[in-house]
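Student: Listed below, chain by chain, are the residues.
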Amino acid sequence: MSAPLLLSGRQLGAAVRALLIATVVLGVAYPLLITGAAQLIAPGRADGSLVEVDGQVAGSSLIGQAFTDADGAPLPQYFQPRPSASGYDGAASGGSNLGPNSAELADLIVQRRAEVAQFNGVDPADVPADAVTASASGLDPHISPEYAEIQIDRVAAARDLPASEMAALVAEYSSGRDAGFIGAPHVNVVELNLALDRLSRAR
Amino acid sequence: MSAAAAGWLQFGVLVAALAVVHRPLGDHMAQVFTTPRHWRVERLVHRTVGVDADTEQRWPTYLRSVLAFSLVGVLLLYALQRVQQWLPLDNGRAAVEPGSAWNTAVSFVTNTNWQGYSGESTMGHLVQMAGLAVQNFLSAAVGIAVAIAVIRGFARTKTDRLGNFWVDLTRAVTRLLLPLSVVGALVMVLGGVVQNLGSGTGASTLAGATQFVPGGPVASQEAIKELGTNGGGFYNANAAHPFEGPTAWVSLFQVFLLLLIPLALPRTFGRMVGDRRQGWAILGVMAGLASASIGLVTWFEARAGGTATQLAGAAMEGKEVRFGEPLSALYAAATTLTSTGSVNSMHDSYTALGGGTVLANMMLGEVAPGGVGSGLYGMLVLAVVAVFVAGLMVGRTPEYLGKRLGRREMTLASLYILTTPALVLIGAAVAMALPAGRDSLLNTGPHGLSEALYAFASAGNNNGSAFAGLSANTPFYNTALGLAMVIGRYLPIVLVLALAGRLAAQGRTAVTAGTFPTHRPLFVGLLSAVVLVVVGLTYFPALSLGPLAEGL
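Residue numbers (our numbering), protein chains in the order written: chain A, 1 to 203; chain B, 1 to 552.
Treat the hints as calculated values from the structure; they're not laboratory data. Ideal Cβ positions, reconstructed from N, Cα and C, are used throughout, including at glycine.
Stretches of chain B that chain A covers, calculated by requiring three or more beta carbons in the stretch to come under 8 angstroms of a beta carbon on chain A:
1) 42-55
2) 178-186
So these bits of chain A aren't anywhere near chain B, every CB distance computed over 10 angstroms:
3) E115
4) D153
5) A157
6) A158
7) L161
8) P162
9) A168
10) A171
11) E172
12) L199
Model the full structure from these sequences, guided by the hints.
Tutor: See the structure below:
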């Protein structure tokens, strides 16, 4: 038996040629084909579900944004998203990676719970988990219906709009589980805030 | 509907979908790898590559073809990363550092897809498409080819031929991975996964700040990343990124894709050895272990153990709202039971026992159902061990599928099952002993040990997921994990092809009253027990110091 690990020039040559064919077909033709087809069947989604305000790109309905002032303080006229490990930097996705017993994470959660309760004028016990935890992507565009609920009165007051109208708007941008059972109920904060701005401008 | 009911329904629908497709897909693969007919386009490929497609190879030649192809793959991928700044579609990215480029090249060629780098800030589109995604296809095809060669070892008698690697490789791409990827990619585009060649868009946000919205050919890469159990994300946050996992149903579809081929291969095995019941038995072991693990992770996350988790009220740190806990737990279990390693939530922030179960999934050796190809051949080696154990109990020469398992066969199988545990435990021990290993840990105490243990379990078993708090882009981790990936991929392939070569050369012993049947529930139970006992005895001390110490 020949030594099984000794590579011959013939085999390496075949390997190089096979790899080059694969690179052209799988690495160039295939992604270009999918790009072409995607631009045909769903151009908006393939380009990132961008949303516009006055013809200007204002972000993506799939990518969460920070709704804060220049100093990082939350703006009361907007529904607030979840905490983000990356500060909603679209070029740096990721989570905090802090463990379940991390003292640092525990301190952060206590602090966030107090801040969210005070900002919205609610009982700290009514602040849901997603409001005090950072998402996996750092770009989560959604909050739970519970977190949206406790923000309604504060946003309504800041915008001088009736809370009932606000609640109707939240309901419009809320989704249940996909097909009724996949995932979890969620409210899209980016779309909701966009609609809020449109509503305020129309008044 | 309650969250728990929705979680169960999610799992039930997934199981039903996999049950429906595994038979036609398994039969299709058996046909692909046994028919003598080549497609015209395949003939063209074989001619260009310069191989005689109708000549089969002995196991050493098959192995050398695998190794030559992988070596060339690592070199090209390394080179692409090092010169990307001079290539088109580089989006202004600089050359990748040598240590990181080596680690990433090895990682994608070995089907691991461990990522020490951050996708959106490191790799230009050309490297992603023509480098990383190409290896997503090829590393998966290599795994399938080796599995098919191993099945032939069991199926054939008195021959020294195991098939032709170049033919198996080509067919795995042309008749399986490429067509399924096209469908998968287009479904994901409809779900909102991006697919463009743009470098990203500058947006002025509602609050008046600026935000970068990234672009990229993501769907085309996402499809093969799941289908080939690769797992390397286009973006740093992997399938948790809204552009990779925009909706819950897309995420569930990804779980379906990553389980699809590994769970259909037992059917292929049954067909090719001429006894479908043997395939059912292997599938039964895989499905039983996988279901138990999914149940455990889901339960541990719902219990929300841990001081910080309790303060939050639910285990939502590192999870996305649209996915929620059950789908995140399902994804985490599925990605580590296979060799995928893509994530839709951050495993480092899982509860101690939830994260520990995910870690134990990889320690099982990724056989339930494991990576494409590698899961099946890993499980077949464990079947050999199980039959041997049964043989010892009753004092008979062990046989599996009419093949006698003598001293040489058992030596190869034993070395196989020792390879990854040695890599994982020695690697993690070295990391904890060196300052360079300890300095990279984000969390402290038992959870810190879990981070290092997870990294080596992930690399040694070619998974690629991470307790991502670990800062792995350092000279120590790039080198050590790179070595663990290479040895963890190719040493088992050497051993299992050698085993297949010996088995193919044998005749087939007749079934007698004394033959231990390997298609009955008794064997399914025995094999499951062997998997758990081998893992338990090997890893229990390390698990006690990490996740168990933290969670109990």
